[in-house]
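Q: The task is to assemble the complex, starting from two chains supplied on their own in separate frames and drawing on the hints.
Quick note, the sequences are listed as chains C and Y, same order. The working numbering puts the first residue of the first sequence at 138, with every later residue one more than the last. The working numbering puts the first residue of the second sequence at 89, with every later residue one more than the last.
Since the hints were made in silico from the structure, they are not lab data. Just to be clear, a hint being listed does not mean it is correct.
[To be verified] One side of the interface only, derived from the structure: several residues of chain Y facing chain C at Cβ under 8 Å:
(1) N174
(2) I179
(3) Y180
(4) P199
(5) R203
(6) T209
(7) M227
(8) L228
(9) G229
(10) R231
(11) R235
(12) S236
Using N, Cα and C, we set each Cβ at its ideal position, and we do this for glycine too.
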Amino acid sequence: MNGGGASLSVPVLTALVAGAVIAGIPLLLAALGEMVSERAGVLNIGLEGMMLTGAFTGFAATLHWGSPWAGFAAAAAAGLAFGAVMALLCVGLNLDQVVVGIALLVLAQGATSVLHRAEYGASYPRLDAVPGLEIPLIAKVPVIGAALFSQPLVVYLAIALAAAVGWLLRATSLGLELKAAGEEPEALDAAGVSVVATRVFGVLVAGTCAGLGGGFLSIVAAGVFVPFMTNGTGFIAIVIAMLSRGRPLWVVILALGFGIALSLATALQLVGVSVPIDLLNALPFVAVLVALFLFGRGKALPGALGRPFVRGART
Amino acid sequence: MATTRDPLLSRGSGTAGARAGAAAGYPGGAQAGAQTGDPSAALEFCRVGKVFPGVAAVDDVSLGLRYGEIHCLLGENGAGKTSLLNIAAGIYRPDAGRVMVDGRDVAILSPRRARDLGVATVRQHPALVRSLTVVENMMLGQRRGVRSERRRAAAALRAAAARLGVELDPGARVESLSIARRQQVEIARALWWDSRIVLLDEPTSSLAPSEAEELGRVLRSLCDEGRAVLFVTHRLEEALDWADRVSVMRRGRLVATVEADDLGRASSDAREAARARLLRAMFGEPRPVTSLPDAATDSGGQAEPSGSADQSGQADPGGSADEPARGAPIAALELRDVWVASGVGETGLHGVSFLVKSGEILGVAGVEGAGQRELAGVIGGQIRPSRGDVRVAGRSVVSEGVSARQVSGVSHLSGDRLGEGIVATLGVAYNLLLKRIGSPPDWRNGFVRRREIERTCAGALGAFDVSLPSPWVAAGTLSGGTIQKLLLARELLGSPRVMVFENPTAGLDHQTALFVRGLIARMAARDGVAAVVISTDLDEVIELGSRVLVLVGGTVAGEVSGGDGAREAVSSMMVGAA
Chain C
138 MNGGGASLSV
148 PVLTALVAGA
158 VIAGIPLLLA
168 ALGEMVSERA
178 GVLNIGLEGM
188 MLTGAFTGFA
198 ATLHWGSPWA
208 GFAAAAAAGL
218 AFGAVMALLC
228 VGLNLDQVVV
238 GIALLVLAQG
248 ATSVLHRAEY
258 GASYPRLDAV
268 PGLEIPLIAK
278 VPVIGAALFS
288 QPLVVYLAIA
298 LAAAVGWLLR
308 ATSLGLELKA
318 AGEEPEALDA
328 AGVSVVATRV
338 FGVLVAGTCA
348 GLGGGFLSIV
358 AAGVFVPFMT
368 NGTGFIAIVI
378 AMLSRGRPLW
388 VVILALGFGI
398 ALSLATALQL
408 VGVSVPIDLL
418 NALPFVAVLV
428 ALFLFGRGKA
438 LPGALGRPFV
448 RGART
Chain Y
89 MATTRDPLLS
99 RGSGTAGARA
109 GAAAGYPGGA
119 QAGAQTGDPS
129 AALEFCRVGK
139 VFPGVAAVDD
149 VSLGLRYGEI
159 HCLLGENGAG
169 KTSLLNIAAG
179 IYRPDAGRVM
189 VDGRDVAILS
199 PRRARDLGVA
209 TVRQHPALVR
219 SLTVVENMML
229 GQRRGVRSER
239 RRAAAALRAA
249 AARLGVELDP
259 GARVESLSIA
269 RRQQVEIARA
279 LWWDSRIVLL
289 DEPTSSLAPS
299 EAEELGRVLR
309 SLCDEGRAVL
319 FVTHRLEEAL
329 DWADRVSVMR
339 RGRLVATVEA
349 DDLGRASSDA
359 REAARARLLR
369 AMFGEPRPVT
379 SLPDAATDSG
389 GQAEPSGSAD
399 QSGQADPGGS
409 ADEPARGAPI
419 AALELRDVWV
429 ASGVGETGLH
439 GVSFLVKSGE
449 ILGVAGVEGA
459 GQRELAGVIG
469 GQIRPSRGDV
479 RVAGRSVVSE
489 GVSARQVSGV
499 SHLSGDRLGE
509 GIVATLGVAY
519 NLLLKRIGSP
529 PDWRNGFVRR
539 REIERTCAGA
549 LGAFDVSLPS
559 PWVAAGTLSG
569 GTIQKLLLAR
579 ELLGSPRVMV
589 FENPTAGLDH
599 QTALFVRGLI
609 ARMAARDGVA
619 AVVISTDLDE
629 VIELGSRVLV
639 LVGGTVAGEV
649 SGGDGAREAV
659 SSMMVGAA
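Bound conformation, chain Y alone (with noise of 0.2 Å):
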């Protein structure tokens, strides 16, 4: 084993500049001091950039990985990190600046040659081959001879996993394993390689917290084996607990690094502090939430005069969401003792009933696979129930699928964002009118106009703060968050009565989640939608619903009206306690 190396070598000075531009804040002069040929750095990136068709990804980065440290990369959705690491990983090749490993400038072009020059990644989902074992996994790649050596592998990854703390069953395949198993597994692979530098895409975004857990620690002993550790993250308490150093990114580029006597360990108001400076880091100024977006009139306005004189028609004056009385305004959703068969892994539907109004939110709570996607499906019409009624406006829509029900005013948005949601393979301005396709004015006797398509596109996507080179970019290539904003701006077009929200925020950033919720609540309050939310996010449900269903096996266990003591009861009524 390569023990040449100085395992703890002394923390590199001379970034002073960084941090003095990191504390402002600022892209630009934060990199000064990182660059200039660190001496203890193990892995740095000098001045890289890299381009997607039409959208810098990484912008002018210089940052220093240091052997002995744990460095968070900390970012939002779409900020460029998983990017900057597939750099140095020789899975994309940088269009500009240096990689220098041990101060060497090196070309990273495969994956091969970063683990020559002792750069182990693990990535967000394990790249082991499932059918395979955890032994076989460990085997590839490692030729000695012809003859597969499984018995030294066996002993390597035993060896491997008890430096790590961990328990891993060499013979066990890999596909039934946890995630957290999975990256374990890579972990001890990349002890085997006897790689100096361990990155790590999102680790912690599949894991529980015990398992999260886990792992801070296995990256720790790694760090005190004189490893240099790269994580990439969007979760600021795993920076402020598991780094020595976080350098944050957005929109591409570097924005600030903070180093380890500014994190805040000393005491719980320089956690805040650090915290605070992080936040602003990520996200720079925060956006107030009443600047939100006009956007259901800036883009669907125009479209059907028809419906919005329908929903101020609708509009409910009063606030008296509790109590639906007879005779007042029709519920603008309705369902009346619906029923759905259960199937293999679906849990159906049970004699659900509940009623909407305009501009009223109605949160649906439940653990995961309480009959949450059969009650979104219902409503959007993917699903017919075997008994009962749903009605919009008064009008029983039960008979009628997802096109006539958007005709009706129904709109759903679709939890599974990148499988029902979008085309990957089609632009971003053949998604947004995906429900809409042939119909004028973007459309005229069959043929498509690209200039109408544009600006409808443009008119949508406006309010939505998503910058996109050109509309016509393919829409799988853009981050979980911009998929997300298109979605939102493609059920708006339709000028919606009734909406229904399959864990809306869920995989989204912290900004962006926000952002999110601020519509739906204006969707509600000003254009008088009635919203169905239906998420596995608790707090979710509870802010934006003013009452909440529980959702228990297919059946309601029972409703919450908001305010102090709803989260309580609601999770308690998750669960079957109460």
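Here chain C stands alone, though its shape is the one from the complex (with noise of 0.2 Å):
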């Protein structure tokens, strides 16, 4: 640990700081599905397999047509049909959620292993940077300027998608039904509303941003696809979805901070600091279960999260 503090100049932080949002996006983006998701009332255990396919889809569709938009958009449509599968299985069947979840994660990882031997195992082609969008002005700030103003226009994206799904939860009759769904689904379907139809629009959007989450893992903060390579991002967005309960502003706040954890293994080794890599990598999975300790604890989860509804079950 020699000269830390001295060390940690302006292009250290500046790394710090950009890295934590590159790496904070893809769960942004999967925690806020999954929040959707859970409020009504279908907890998505799988979330981490659809990231994986929205990465592999991304990166393909990226390289074949050269665009990234391209790309986002087929790995959000990976993302939706992933979803609608877990759909179908979940609240069309009434599946047990954790059981398909896992079932789905263990596909996916399979899936985009093969596929991506296939097709890439020989060439590993890469993906061109995607180009930052420097906001006039402030991005000349130092530090804050250069790592969160001169980003793609897609985190500029991601960040406005967290307003809208506040808006939605909380202005809209969607939003509304979407939470009933969650805590008591017998009395949303008493008001007439249906729960199955509720919980499948919870269920897609859930996949869609993880999709564009995975998208953004192989595309912009990677440009590259490796199997594997969402290592755990989609469990620790399921734990950032809990502990936000429904508040997309600690949706946001909570990606930022384990992307920083997850971005620290990089600035630590630009400082020179020399701590052993696994321990780095290990360090995100400490920083959940400290947050869960802290912030965790007296968190009521959605009352019928991971119920199946039946209409007219008797116990």
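A: Printed below as a string of structure tokens:
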């Protein structure tokens, strides 16, 4: 730990914050979707698998069409399709959400690995870096400016999406219905709203957002697809969704917080601190435990989370 | 607002046939008049049937509901009233028959469809989202655009509440409201939806008397607006007080419909006659208490001959239960200075001592939460006292757990029927044998013997007058009364010498309650069981107990022996006036 304090120079700080944003955006997107899904009462354990699918599809589409926007569209579509499968199994057929989630995760891991080896196993192609969009004036502010305001456009769109989800949950009738579907689906059904449709919407949102998050990972953050590249991000997103309890602002804060933990490894290497890399890689998950310990207690999850709804069911 | 319908359509005629059939009080001929397309019928069930795995919950029921009337559907637990209601509410699909709304044959496949047809339902446990506010609950399903329209909903809520003559705070969270208020929210919502037909399932089961009165007024105002009101209850007095017509269901069938003129509003004599008639319809011919089953010997006798020998040795021929004199036969159950620490929301016990002899019933009275649960737990073995001794037949059992105590002859009928009592998803047979899974003759070498189990089950339940399609139906699908009978049969299987009953008849209908009380009395008188009846139902405690112990704040405030004036003495002690 030689001279750590002195080495926290402007370039290092900038790299740390910029890295945190880049690492935090996939978390942000996936957690937003998961939050909507959990609100509606469906726990999506397969979130990681949906991210991985989005990452692969986004990478392949960007490579094929040469445009990151095509990649994002493909990633979202892949996530949506995956969400549709989950909705069919968990909401349509009332299968156990945890079991289905795990099955879909393993399926996604296997399928993306196989496809990756078949298509790109020999060449290992890379994508061009996505250009940043400098916001005039504030992009010149030291550290913050370079780190926060010269990011690719999609970063700003992701944060706008968080605001949009917040509005959806707070101010629309759909938001109310989502909450009712997760808390007391019987009451929603009695009010004449389809619990199935509401929950399917939640699952599809989760799938789409997770696909986008995965796409960001491969198209913007890494520029390459590697099997298992999500590396636990989906699970951290589930924790973020649980901790933030329907408040997108908290999703943004927590995602960036975990982003810092994820990008710390790079920053510390820049500084030249020699900490074993495995220990640094474990840092985000230690952060998860700490966050759960600090904020997770006394948090009530939606009353009907994980419980299939069957009209008129007798216990 | 739709005012196309005539508010107070003339009360339908053409029910003479129904009336004649009803008077006889028999199934079958009663409904002939009700199903022939009554033009003023708002909602009509035509020969509706609904079968649950093996049980005909609703069996060939025809019933017409008119605008501007309050119609009461009366019947004991498990008579099929709620199932019938749920068919109109779009929760269940009927297996047979048709449902008509305004004379049109409609398939009510979902609550949404019911709502669109103008049918609103107020359930026993109001279907509201507890974590949302009142106005947010009103807004559910009221989608006019993307944005939720809080202000419009709040105004509608206030208007509806004013029409009902109740006060509702739009911003209050539903979880902070009483059941009565939640019902009012649902009724207000029905007004906002402009539902012309309002169905209520056991609306008074959780209400205080004053709240029930208020509900009665609200129902009358709905009906005065020309709406049709159908409410389900097992309480006879409400039926007589509120309804314009009363239909009675028994075992899934409609057995009688009594018209307004025959409800005895005119004189108290007529009312008495109406009451008797409805009772007869509800329960069939009264069942004399003396013909109660020989349950204890029928079921448990063959299993443990040693147990019954023990009992006869214990039986106390004399009736002098009042004085536990020294030298007399050892008390079957004795508590000596028992202490249980009080915890969060628990009163604990503070130095409780008493004796119960064989064949004696000790009543324990007290307001809710005076230490009843702790007392039952201490005797049953779930709670270990911090100090003091529990003795059964002179032997200390205080260190024994639940199962060891059962071997010692102590049995506990839990007040938490669904939670502690049964495993809802297991079959009746397994629930019955829950406390001796793995033991012969029903199990041999660890293998289940279904034949044997079925035989044991039939033997144990035979005396209890329960009709089951098979011993393997899930216990959770049974009605409350049937579950209680199942639990009693289970406890009797063990041939207990000491039994603790915790609110044994709470939530049961009249007939089942009578049955259970008779059984307790019989167990004590004939089999020499020492019984402790802990109940918040004062009359039950006094009726059954030869002595009544009054618990106040975890201590014994006093003891009253039965007879005249016991009720006053006990009730004043309960509230600490003595």
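Q: It remains to establish, for every hint, whether it holds in the given structure.
A: A quick look at each hint next to the structure:
{"no.": "1", "hint": "N174", "in the structure": "holds, 6 Å"}
{"no.": "2", "hint": "I179", "in the structure": "holds, 4 Å"}
{"no.": "3", "hint": "Y180", "in the structure": "holds, 5 Å"}
{"no.": "4", "hint": "P199", "in the structure": "holds, 5 Å"}
{"no.": "5", "hint": "R203", "in the structure": "holds, 4 Å"}
{"no.": "6", "hint": "T209", "in the structure": "holds, 7 Å"}
{"no.": "7", "hint": "M227", "in the structure": "holds, 6 Å"}
{"no.": "8", "hint": "L228", "in the structure": "holds, 4 Å"}
{"no.": "9", "hint": "G229", "in the structure": "holds, 4 Å"}
{"no.": "10", "hint": "R231", "in the structure": "holds, 5 Å"}
{"no.": "11", "hint": "R235", "in the structure": "holds, 6 Å"}
{"no.": "12", "hint": "S236", "in the structure": "holds, 4 Å"}
Consistency note: the structure conflicts with none of the earlier hints.
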